[in-house]
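There are 2 protein chains.
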Amino acid sequence: MGAAPVSNVLLFGGGAVGAIAALNIEAGKLGQVTAVLRSNYETVKHRGYNIESIDHGRVNAWRPSSVVKKVPSIEAETAEPFDYIITSTKNLMDVEPMLPDLIAPAVTPGHTVIVMIQNRLNIERAMFEKFPQNIVLSGVSMIDSHEVEPGDIYHEDHDILYLGAFHNPNFQTDEQEIAAARHFIKMYGAAGKTKVHFSEDVPWSRWRKLIFNAVLNPICAITQLDSARARLSGTLIEGIARPAMQEVYDTAKRLGHDLPENIIDTMINLDPMDLYLKPSMQVDLEKGNLMEVEYLVGEPLREAEKVGIPTPYLRAMYEMIKAVQWRLKEAKGLVDVPPKRVQ
Amino acid sequence: MGAAPVSNVLLFGGGAVGAIAALNIEAGKLGQVTAVLRSNYETVKHRGYNIESIDHGRVNAWRPSSVVKKVPSIEAETAEPFDYIITSTKNLMDVEPMLPDLIAPAVTPGHTVIVMIQNRLNIERAMFEKFPQNIVLSGVSMIDSHEVEPGDIYHEDHDILYLGAFHNPNFQTDEQEIAAARHFIKMYGAAGKTKVHFSEDVPWSRWRKLIFNAVLNPICAITQLDSARARLSGTLIEGIARPAMQEVYDTAKRLGHDLPENIIDTMINLDPMDLYLKPSMQVDLEKGNLMEVEYLVGEPLREAEKVGIPTPYLRAMYEMIKAVQWRLKEAKGLVDVPPKRVQ
Chain W
1 MGAAPVSNVL
11 LFGGGAVGAI
21 AALNIEAGKL
31 GQVTAVLRSN
41 YETVKHRGYN
51 IESIDHGRVN
61 AWRPSSVVKK
71 VPSIEAETAE
81 PFDYIITSTK
91 NLMDVEPMLP
101 DLIAPAVTPG
111 HTVIVMIQNR
121 LNIERAMFEK
131 FPQNIVLSGV
141 SMIDSHEVEP
151 GDIYHEDHDI
161 LYLGAFHNPN
171 FQTDEQEIAA
181 ARHFIKMYGA
191 AGKTKVHFSE
201 DVPWSRWRKL
211 IFNAVLNPIC
221 AITQLDSARA
231 RLSGTLIEGI
241 ARPAMQEVYD
251 TAKRLGHDLP
261 ENIIDTMINL
271 DPMDLYLKPS
281 MQVDLEKGNL
291 MEVEYLVGEP
301 LREAEKVGIP
311 TPYLRAMYEM
321 IKAVQWRLKE
331 AKGLVDVPPK
341 RVQ
Chain A
1 MGAAPVSNVL
11 LFGGGAVGAI
21 AALNIEAGKL
31 GQVTAVLRSN
41 YETVKHRGYN
51 IESIDHGRVN
61 AWRPSSVVKK
71 VPSIEAETAE
81 PFDYIITSTK
91 NLMDVEPMLP
101 DLIAPAVTPG
111 HTVIVMIQNR
121 LNIERAMFEK
131 FPQNIVLSGV
141 SMIDSHEVEP
151 GDIYHEDHDI
161 LYLGAFHNPN
171 FQTDEQEIAA
181 ARHFIKMYGA
191 AGKTKVHFSE
201 DVPWSRWRKL
211 IFNAVLNPIC
221 AITQLDSARA
231 RLSGTLIEGI
241 ARPAMQEVYD
251 TAKRLGHDLP
261 ENIIDTMINL
271 DPMDLYLKPS
281 MQVDLEKGNL
291 MEVEYLVGEP
301 LREAEKVGIP
311 TPYLRAMYEM
321 IKAVQWRLKE
331 AKGLVDVPPK
341 RVQ
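Sequence lines, in order, name chains W and A. Its first residue numbered 1, the first sequence is counted upward by one per residue in the UniProt record's numbering. Its first residue numbered 1, the second sequence is counted upward by one per residue in the UniProt record's numbering.
The shape of chain W in the complex, shown without the other chains (with noise of 0.2 Å):
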């Protein structure tokens, strides 16, 4: 558990949220960074990052520590052990194979601590099955950061980090687990840049960011129109997305979670209406990207069916980005459509 004064992290998944984060460590020089990356590696391998960010301007070139193609083996190779590994990919539920099989072979059991910077409810499940000595932490990030080509990261939104711990059924007691989010915290922000928020209570931080990711990152998809038009329009914000917002807060409330009153016109004017943020969705529809649509809509849609909080305004929005998300697979050939009859 990350004692040394410089810890060894390995990022996977270094797109828009895992470069800021990569950057983050490596800045405050508390950590020394190994990403894997997939889509952009070439790139990043050869020219580095191309960075705008509001919290630490233009960086050009810029590499973490060290750049690399797969998962290093810690059995095989003989490194350091890694102190941390953050996930940080996009969750694709169709399309995309399990995380804890993808980073097994960097983690060092009962030393790793797994940092998940991740959207989805209930992703710690199969950490802690596949890992049941490790400690995992849960980072729900507030950032508006897209990478607009490989390796060129736009930044627009000062980020915003909810850190805190899972609770591992297998640990007695969470010490441990808030003394290494605290750690991580530290290392986190080190730099001065970026605000990181210690959570002490994971599921609450999920379902409040849920609020503005079950609804207002669909709707922005569907419509196409950014979080600022999305206000500027009419009477989307108060016709739907307030209703669907109130399904959200109320099913997190059923659950437990008790979410502040006001936490809906927090939400609603949380992006600054004179910057006209994408949401991720209506940024990986437009890049023609499938969406994270089962993790962000379907998930707290099903949570809410289960224990009784009638949605139709969830399930419309939930119906409506599905089929959007269709029209992306039949573009990408990955549904069947017959053929249209000739006349």
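To be clear, the hints were calculated from the coordinates, so they are not data collected in a lab. Keep in mind the model is a prediction, meaning the values are calculated, not measured. Idealized CB from N, CA, C, for every residue including glycine. Keep in mind that a hint or two might mislead.
The calculated DSS-like cross-link candidates involving lysine-lysine, where the alpha carbons are at most 27 Å apart (straight line), are [claimed, not checked]: (1) W:K287 to A:K332; (2) W:K287 to A:K287; (3) A:K70 to A:K90; (4) W:K306 to W:K287; (5) A:K306 to A:K209; (6) W:K195 to A:K186; (7) A:K69 to A:K130; (8) A:K209 to A:K287; (9) W:K340 to A:K287; (10) A:K287 to A:K69; (11) A:K287 to W:K329; (12) W:K332 to A:K287; (13) A:K193 to W:K340; (14) W:K90 to W:K209; (15) W:K287 to A:K340; (16) A:K253 to A:K287; (17) W:K186 to W:K90; (18) A:K209 to W:K340; (19) W:K70 to W:K90; (20) W:K69 to W:K332; (21) W:K340 to A:K195; (22) W:K287 to A:K195; (23) A:K287 to A:K329; (24) A:K340 to W:K193; (25) W:K306 to W:K332; (26) A:K70 to A:K332; (27) A:K340 to W:K209; (28) W:K332 to W:K253.
Just the calculated beta-carbon pair ranges, DEER-fashion [unchecked claim]: (29) W:R302 to A:F171: 50 to 60 Å; (30) A:D174 to W:K340: 38 to 48 Å; (31) A:K306 to W:R254: 25 to 35 Å; (32) W:V337 to A:G308: 33 to 43 Å; (33) A:V335 to W:R38: 26 to 36 Å; (34) A:K332 to W:K195: 33 to 43 Å.
Since chain W is already given, all that's left is putting chain A on it; use the hints.
Relative to the frame of chain W, chain A by itself:
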């Protein structure tokens, strides 16, 4: 009232619906049509319509008897009175001035029968106000016809017209009105290419069509899936189309229009699967044209709210399609968007 063997017909709105109406009437030889054209005037005047029709086959360089640019004035010109004026313009609440004023120069009080082949509810009110001594007929067309380029009409699925009379509150009985409707049906169907049904209950046929138009029409535009793909894509139909259609059904029932029990299934399966037909709003959206949002979705929603039917699904559809319309308006420079902050 068209007692002459060949009726004198003015067509106002010669797009996808109007062009096929004109062709039906002239093919039947019981009417001759003067078409008032706007966006396609130059094309049709000089080259004629090119029509690919499932009912009429390939018809090239076809013109109605007369093609004009503005509504002829009966008083100023020494023309024969018009027996019928067909209005088949798109209903675009925001941008179009009122129809009665536009056709007024060609209306002979107490003589001209006005036939509104338009989707909107309550369209007859303004007509009766302006022309208290005239008969107004209601045409509800289930046509799949699109103007792909100005003057190029692609008519993909068989035309079914429900034709009946709005009851003019200034008339004691509706005998005259029904006779006018029956005469128009004879003229419209004389070529034997089109199914025209006499509709005893005009609001009933309008609500019947709204089961499709208030729901599948916006869903296809919002998701950009045609009516077959909307059914292929997964749970879109059962998840939101059916419950939204139920809201329209319940509203019609509350207003006294008992639609058949299987109407929802009929409307879901209305379009043949293997033609991949695009409803009108989707076609408009793809052409960058404004869509009939208020008349097809907003009005039934407001009628539902007036009579106390809960409408979360219709509301979700309405807010989404209105947001998409706003995007079209921005593209046309019809709305102001403040500038983006320069960082």
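Going through the hints against the structure:
1. At most 27 Å may separate the alpha-carbon atoms for a hinted pair to count; K287 of chain W and K332 of chain A meet this at roughly 24 Å.
2. For the hint linking K287 of chain W to K287 of chain A, the alpha-carbon distance of about 22 Å falls within 27 Å, and the restraint holds.
3. Pair hint K70 of chain A plus K90 of chain A holds up; C-alpha atoms about 17 Å apart against a cutoff of 27 Å.
4. Using a Cα cut-off of 27 Å, the hinted pair K306 of chain W and K287 of chain W is violated, with the two alpha carbons roughly 34 Å apart.
5. For the hint linking K306 of chain A to K209 of chain A, the alpha-carbon distance of about 20 Å falls within 27 Å, and the restraint holds.
6. Taking the CA atoms of K195 of chain W and K186 of chain A, the gap is near 76 Å; set against the 27 Å cutoff, the hint is violated.
7. A hinted pair counts as satisfied when its Cα atoms are at most 27 Å apart, and K69 of chain A with K130 of chain A qualifies at roughly 23 Å.
8. In summary, the hint linking K209 of chain A to K287 of chain A is supported, as the alpha carbons are separated by about 24 Å, within the 27 Å threshold.
9. A hinted pair counts as satisfied when its Cα atoms are at most 27 Å apart, and K340 of chain W with K287 of chain A qualifies at roughly 22 Å.
10. Straight-line distance between C-alpha atoms of K287 of chain A and K69 of chain A comes to about 23 Å, which keeps the hinted pair within the 27 Å bound.
11. A threshold of 27 Å between alpha carbons decides the hint, and for K287 of chain A with K329 of chain W the separation of about 24 Å falls inside it, so the pair holds.
12. Only pairs whose Cα atoms come within 27 Å are accepted, and K332 of chain W paired with K287 of chain A is accepted, the gap being roughly 24 Å.
13. A C-alpha spacing of about 24 Å is found between K193 of chain A and K340 of chain W, which places the hinted pair at or below 27 Å, so the restraint holds.
14. Restraint check for K90 of chain W and K209 of chain W: satisfied, since their Cα atoms lie roughly 16 Å apart, inside the 27 Å limit.
15. For the hint pairing K287 of chain W with K340 of chain A, the CA-to-CA distance comes to about 22 Å; that is within 27 Å, so the pair holds.
16. Restraint check for K253 of chain A and K287 of chain A: the C-alpha separation of about 36 Å exceeds 27 Å, so the hint is violated.
17. Among the hinted pairs, K186 of chain W with K90 of chain W is consistent with the structure: their alpha-carbon atoms are about 25 Å apart, no more than 27 Å.
18. Between the alpha carbons of K209 of chain A and K340 of chain W the distance comes to roughly 25 Å, so the proposed pair stays at or under 27 Å and holds.
19. At most 27 Å may separate the alpha-carbon atoms for a hinted pair to count; K70 of chain W and K90 of chain W meet this at roughly 17 Å.
20. Between K69 of chain W and K332 of chain W, the direct Cα distance comes to roughly 25 Å. Compliance with the 27 Å bound is thereby established for this hinted pair.
21. About 25 Å separates the Cα atoms of K340 of chain W and K195 of chain A, which keeps this hinted pair within 27 Å; it holds.
22. Among the hinted pairs, K287 of chain W with K195 of chain A is inconsistent with the structure: their alpha-carbon atoms are about 46 Å apart, more than 27 Å.
23. Between K287 of chain A and K329 of chain A the CA atoms are separated by roughly 13 Å; this keeps the pair inside 27 Å, and the hint holds.
24. Using a Cα cut-off of 27 Å, the hinted pair K340 of chain A and K193 of chain W holds, with the two alpha carbons roughly 24 Å apart.
25. A distance of roughly 33 Å separates the Cα atoms of K306 of chain W and K332 of chain W; the hinted pair therefore is violated under the 27 Å criterion.
26. For the suggested pair K70 of chain A and K332 of chain A, the alpha carbons sit about 25 Å apart, so the restraint of at most 27 Å is met.
27. At most 27 Å may separate the alpha-carbon atoms for a hinted pair to count; K340 of chain A and K209 of chain W meet this at roughly 25 Å.
28. In summary, the hint linking K332 of chain W to K253 of chain W is not supported, as the alpha carbons are separated by about 39 Å, beyond the 27 Å threshold.
29. Take R302 of chain W and F171 of chain A: their Cβ atoms lie about 58 Å apart, and the range 50 to 60 Å holds.
30. At roughly 45 Å, the beta-carbon separation of D174 of chain A and K340 of chain W lies within the given 38 to 48 Å, and the hint holds.
31. Distance hint check for K306 of chain A and R254 of chain W: the Cβ-Cβ separation is about 33 Å, which falls inside the suggested range of 25 to 35 Å.
32. Checked against the hint of 33 to 43 Å, the C-beta distance between V337 of chain W and G308 of chain A comes to roughly 41 Å, which is consistent with it.
33. For the pair V335 of chain A and R38 of chain W, the supplied restraint of 26 to 36 Å is violated, since their beta-carbon distance comes to about 41 Å.
34. For K332 of chain A and K195 of chain W, the Cβ-Cβ distance of about 41 Å falls inside the hinted range of 33 to 43 Å, so the restraint holds.
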